[in-house]
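**Student:** Chain residues, written in single-letter form:
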Amino acid sequence: MRIPCPICGDRDRREFYYVGDAQIINRPSPEASEDIWNDYLHNRDNPAGVTKDLWYHENGCNSWLVVTRSTTTHEVQHAELVTKLKGDGS
Amino acid sequence: MRFSGLKILKEGLTGNKGWTNHWREPEPKQEYDILIIGGGGHGLSTAYYLAKNHGLKNIAVLEKGYLGGGNVGRNTTIVRANYFLPGNSEFYSHSLKLWEGLEHDLNYNVMHSQRGLINLFHSDGQRDAFARRGNAMINQGDDAILLDTEGVRDLLPYLDFEQVRFPIYGGLYHPRGGSARHDAVAWGYARGADTRGVDLIQNCEVTGIDISQGRVTGVQTNRGQISAKKVGIVVAGRSGQVAAMAGMRLPIESHVLQAFVTEGLKPCIDHVVSFGMGHFYISQSDKGGLVFGGDLDFYASYAQRGNLPMKEHVMEAGMTLMPMIGKARVLRSWGGIMDMTPDGSPIIDKTDIEGLYIDCGWCYGGFKAVPASGFCFAHLIATEKHHEFASGFRLDRFKTGYGLIDEEGTGSQHNLH
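Chains as they are written, first to last, in the working numbering: chain A, 1 to 90; chain B, 1001 to 1417.
Extracted from the complex, chain B is given alone in its bound form (with noise of 0.2 Å):
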């Protein structure tokens, strides 16, 4: 099935009877030659261009619970390519430019949608930065743009421009920058990798894996034992648990980062706008809620849910910054497990075992990079060899201290990102 305006018409004027469901319920077979476990953003995507890309058949995503359950239904949805480092600017820059082509590529409505991101500062020092970050995603041949605070304030006029602890200096405008519907990213790449027959198999935990003689065989899951050549791993996270069925030990810690969202207002945020001054990012959903979000609540945590130190500061933050929300009443707030690692940028490596690929790492970032880290990583499982725009992301760095990618200059320790 299609989609198109025409069919829309079409089905509008003949009772909607016509639409189909968007995958098939497939059985899991015996055997497969890739098997994805994690059917989020990352899984899905990877097994899309598994398919699509390298022209693979006979692949299987395991989801233990519903397809985009996890990490990809809980996010803020901001998308946008304005990273510094080599190893993440190219890596970002090629993910922003899939998502400007993902509606067409996938036949599928993501909402995507390029209302421009707008990072303030408030200081000469964060202004340098910005300047220079800003330089950095030209050279890449993205887009950034640098305001004072008089050309924030045509953007954004609602801001406490009069406040005196935590002046606006202006912001770095990446006008390419913006929101994606974060369920239709994932319904989209699932229904595309359905297309090219690609077997989404949910309530599927998996919970061994198997391994003779330094391959992977497949792995055991409560709906039985399934074979394969290749494994990939895209868990989020859950990686720590699922490599330690591998025998593995990771450099990650999860951690809860939660978000919000307000009831449903009239249009009065255009853009994502995040402060320079505290932890707080906000957008408009186009049902009308402000969705924002701050910082990790800083201790690990599963429970997709946090405590109220870290709301106070974000709402501390956003009133600081916008009082005009102090009236919008908060409708829910939840929490997503965020796979750390410590220098704050991902993995997309092989593992010590052969036929055992992982995609993990992506901390409070991951939702913008879902295409990429679904292209690179489908890339290394079918060639076995890095894609350059996700060279960087290796395994090994932390114990070589070789290629780390530390994009706030902090540190690379847990704890500190």
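Here chain A stands alone, though its shape is the one from the complex (with noise of 0.2 Å):
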């Protein structure tokens, strides 16, 4: 499996860490109920198809990435950098 590193190019699995699925990168805030942080922390959908999850690119340029990937053919379609998604950075 290799994953198209907006930065580094393709690069093998074995350069990334892997999170899991990209709901991570939306924090509620800490106001929010505990369902809410429940929900944000351990609940997944979990789907059987195109998902989106987390990496870190620890072995190359230190970026978090979105891949939108499938979990039934192991195929990357596609990684964006976090920072590009959320804009500010953050």
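Hint data in this document are derived by calculation from the structure and do not stem from the laboratory. Quantities reported herein were computed from a predicted structural model and do not represent experimental measurements. Careful, some of the hints might be misleading.
[As the list claims (entries may be wrong)] Computed list of lysine to any residue pairs in SDA-like fashion (alpha-carbon distance at most 25 Å, straight line):
1) 52(A) with 1309(B)
2) 1399(B) with 24(A)
3) 1311(B) with 68(A)
4) 84(A) with 60(A)
[To be verified] According to the in silico footprint, chain B covers these stretches of chain A (three or more CB under 8 Å from chain B):
5) 65-73
6) 76-87
Virtual Cβ for every residue (Gly too), placed ideally from N, Cα, C.
Work from the hints to combine the two standalone chains into their complex.
**Tutor:** Below you can see the structure in the form of structure tokens.
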């Protein structure tokens, strides 16, 4: 499996650390309810098919990526920088 | 039909014409008291114990493929009770006791072989941790023996004791641990359930769960609607999809775990052995193949096959520990879909929907749990009460943070187990 890092190009999966579902980049506010925090931290859509997950290019450019990928075929379709998606660099 | 030595002798002398099917192929009825979604090891054992322990009739198991075609036929068949934490310890202890009586109970040869399990350790810290684990196992009433290097050498002379990078300091020996024929476990439970009147319905995929006023009323399937008073979901890696039919999101992420088998060899590995410095565990099947595996590939997957990096890691770990296997040729590799929870422990619980129950989250350790999981899940469905040996496996422990069972001590978070 190779991941197309927008900065480094196609790189081997072993250069990346897998974090989990990309929902993790949308952190609720500290005041949000227990249910919202539970959903954010623990519950997952866990789709069989196309998913978006968060990877860290730890043995490369150290960027955080949202990767569009199929969980049924392992086909990697796309990778986007989190900073670009979030817009504010946070 | 009852199996016995006499029966085998008789059939052998009369052309093996008297064997019959192990279970019926019934058409689904319109209505059942209890539906179990999932005809794998856990689903079949649940149906068996519902009928046997609770005397319930009018039960069906719905399986989208064929019985035992999922993880129960894809694992590395290790049976053990070497858990440490309360919540896990009593549960797996109970499961091992059920294993020990399983063949008599089912009148079925599941080839349960208590050949002993040895978890190797390679540092002083690891020795301390295993000594503590062994004491917990003994306190639970199970068996554990702490071996030093020479003790390991007596049992496993073929390990590389000379290598300096990961010296073998000893091992935690669990003599009652071992292996079983995984398919036979599914078949034995299927036959036992069928004999007690459970309808086992294959090629029947659940496509919806009917809920009315907060109560489950049945399921939609590719073979029509089936009504039921109670429904149990026992679908391992597919838990997320089936729970979604009831509007639920689960604390589960499905991952791929690979396993491997070599060509058949003469007997050389007499125990189940795990390496403590890399993910690698191995045993030898009765056909002679070396069956081994490692860790998750570590990304969400339903593919039932993995990628090369973990294959490389597993082979490297195997060669580090026992270079003698280097000449064996790998025959096959495959993957299973693991229903991973944040703390690495399972869920056997009611849901917020009345009459809907769930048994899932077995991560990569579901095979040894097959008897006790069905036993305790059947108890929950039949009596509405958690069984004392599975009372910790609550669905809400992640939300409350109370009662987490983090056996590895790494934290309760997806991607840590």
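**Student:** Hint by hint, say whether it matches the structure.
**Tutor:** For each hint, the structure was consulted:
1. 52(A) with 1309(B): Since the Cα atoms of residue 52(A) and residue 1309(B) sit roughly 21 Å apart, the hinted pair holds (cutoff 25 Å).
2. 1399(B) with 24(A): holds, 16 Å
3. 1311(B) with 68(A): Holds, because 24 Å separates the two Cα atoms, which is no more than 25 Å.
4. 84(A) with 60(A): holds, 18 Å
5. 65-73: holds (count 4)
6. 76-87: violated (count 0)
When each numbered hint is compared with the structure, a violation occurs for hint 6 only.
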